[in-house]
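Engineer: Sequence:
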Amino acid sequence: MIDEYSFILKGRKALNINNHIHKIIIPTPFAVGDVNSYLLKGDALSLIDAGPKTPEAWEALKFGLNEAGVRPEDVEQVVLTHHHPDHAGWIDGFDNAKLFGHPYNDFWLRRDQAFFDFHDTFYLERLKEEGVPEDQLFWIKRMKRPLSLMGSRPLDMTINEGDVLPGHADWAVMETLGHAQSHLSFWNKETKEMIGGDHVIAKVSSNPLIEPPLDPSMGRPKSLLQYNASLSRLLKMPIDIIYSGHGEEVRNVHELITERLAKQHQRAMKVLAMIGNEEKTVYELTVQLFPHAYEKELGLTLSETIGQIDYLLEDGLITESMDSKGIFYYKEA
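Using the working numbering, you'd call the opening residue of the sequence shown number 1 and step up by one each time.
None of these hints come from the bench; they were simulated from the model. By construction, the Cβ of each residue, glycine as well, lies at the ideal position given by its N, Cα and C atoms. Fair warning: there could be bad hints in the mix.
Okay, derived cross-link-like pairs now, DSS-like style, lysine-lysine, Cα gap no bigger than 27 Å in a straight line [unchecked claim]: (1) Lys-236 x Lys-263; (2) Lys-296 x Lys-141; (3) Lys-270 x Lys-203; (4) Lys-296 x Lys-270; (5) Lys-62 x Lys-41; (6) Lys-263 x Lys-203; (7) Lys-98 x Lys-41; (8) Lys-296 x Lys-263; (9) Lys-331 x Lys-263; (10) Lys-98 x Lys-189; (11) Lys-62 x Lys-98; (12) Lys-128 x Lys-331; (13) Lys-189 x Lys-41; (14) Lys-203 x Lys-236; (15) Lys-296 x Lys-128; (16) Lys-296 x Lys-203.
Label pairs and their calculated CB-CB ranges [as the list claims (entries may be wrong)]: (17) Gln-288 x Met-237: 34 to 40 Å; (18) Met-237 x Glu-279: 40 to 46 Å; (19) Val-164 x Leu-137: 40 to 46 Å; (20) Lys-41 x Glu-255: 26 to 32 Å.
Please work from the sequences and hints to get the whole structure.
Structural biologist: Here is the structure:
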């Protein structure tokens, strides 16, 4: 629980970015800390993201809306930047609002038995091919724990690249995959503003997470390569400010992205040096890269390692082989 005094301070600090965007800071139970929602005024009253489904988050949402002179029942649209629980929790709290987002959101929001079957099969195959020991396969169940903090209503309408945000003719929808397979950003060309979800965060680089593909017949999405491509796209755009899903606004957009891409290359070179001529699995590299974190955050650390492997394979710097058990091994090319 957050104490009442700090809660009120956050609510008051959050609002009145300008005359059309109001920021609401919402507490989460996750290590990332607070998450930001944005009330966007236009021809429709829209809430971009809705925090995790906790009582504390709902109180913060109501408080922030009230500071903007709005009640939950006044919100006409809830729009998701992506499906992760810290952004898609209280979609169930706005009965009068339509829900918009990337088509991939429904995969997680409906959560029917077909979803769980595909989810578990996908991750079991990934863990096995990465060389994860049998006694660590319980992580498949652990990966589903945050789903209890996610809303459960399906989308009313899908939006994607090339669309205009309904009710906000100046805001274009951009598909910015990488951190999530559902990730969208919203770009106002006239004001040079972007509502960017977790695509660009001021203090930390977003994790490109390994997630099942929207189409089960497709292979594993290469999240880090997607993320780098989405970041590089922003370098060609005249962005003055990004309103992020966590923390403060980003103003030095091009400088920060250039720095992040350079650091990504450095991390990949570190992994290349670890591989050398000795064949190694993703799990072995993960243990080496994250000796103090992999046991507590196996899913996140494996995603990071897989990203570096995809990067090195794409550049032809390593080779991949599979043994008789279906485990992949990597060595320097």
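Engineer: All hints are to be evaluated individually against the structure, with a verdict given for each.
Structural biologist: Status of each hint after checking the structure:
1. Using a Cα cut-off of 27 Å, the hinted pair Lys-236 and Lys-263 holds, with the two alpha carbons roughly 20 Å apart.
2. Among the hinted pairs, Lys-296 with Lys-141 is consistent with the structure: their alpha-carbon atoms are about 14 Å apart, no more than 27 Å.
3. In summary, the hint linking Lys-270 to Lys-203 is supported, as the alpha carbons are separated by about 22 Å, within the 27 Å threshold.
4. At most 27 Å may separate the alpha-carbon atoms for a hinted pair to count; Lys-296 and Lys-270 meet this at roughly 22 Å.
5. Restraint check: the Cα-Cα separation between Lys-62 and Lys-41 comes to about 17 Å, which is no more than 27 Å; the hinted pair holds.
6. For the proposed pair Lys-263 and Lys-203, the alpha carbon gap of about 14 Å is at most 27 Å, so the pair holds.
7. A C-alpha spacing of about 15 Å is found between Lys-98 and Lys-41, which places the hinted pair at or below 27 Å, so the restraint holds.
8. For the proposed pair Lys-296 and Lys-263, the alpha carbon gap of about 24 Å is at most 27 Å, so the pair holds.
9. Only pairs whose Cα atoms come within 27 Å are accepted, and Lys-331 paired with Lys-263 is accepted, the gap being roughly 22 Å.
10. For the proposed pair Lys-98 and Lys-189, the alpha carbon gap of about 25 Å is at most 27 Å, so the pair holds.
11. At most 27 Å may separate the alpha-carbon atoms for a hinted pair to count; Lys-62 and Lys-98 meet this at roughly 18 Å.
12. Between the alpha carbons of Lys-128 and Lys-331 the distance comes to roughly 19 Å, so the proposed pair stays at or under 27 Å and holds.
13. With a C-alpha separation of about 17 Å, the suggested pair Lys-189 and Lys-41 falls inside the 27 Å cut-off, and the hint holds.
14. Only pairs whose Cα atoms come within 27 Å are accepted, and Lys-203 paired with Lys-236 is accepted, the gap being roughly 22 Å.
15. Restraint check: the Cα-Cα separation between Lys-296 and Lys-128 comes to about 19 Å, which is no more than 27 Å; the hinted pair holds.
16. Only pairs whose Cα atoms come within 27 Å are accepted, and Lys-296 paired with Lys-203 is accepted, the gap being roughly 22 Å.
17. A hinted range of 34 to 40 Å for the beta carbons of Gln-288 and Met-237 is consistent with their spacing of about 38 Å.
18. A hinted range of 40 to 46 Å holds for the C-beta pair Met-237 and Glu-279, which are about 42 Å apart.
19. A hinted range of 40 to 46 Å for the beta carbons of Val-164 and Leu-137 is consistent with their spacing of about 45 Å.
20. Evaluation of the 26 to 32 Å hint for Lys-41 and Glu-255 yields a pass: the beta carbon distance comes to about 30 Å.
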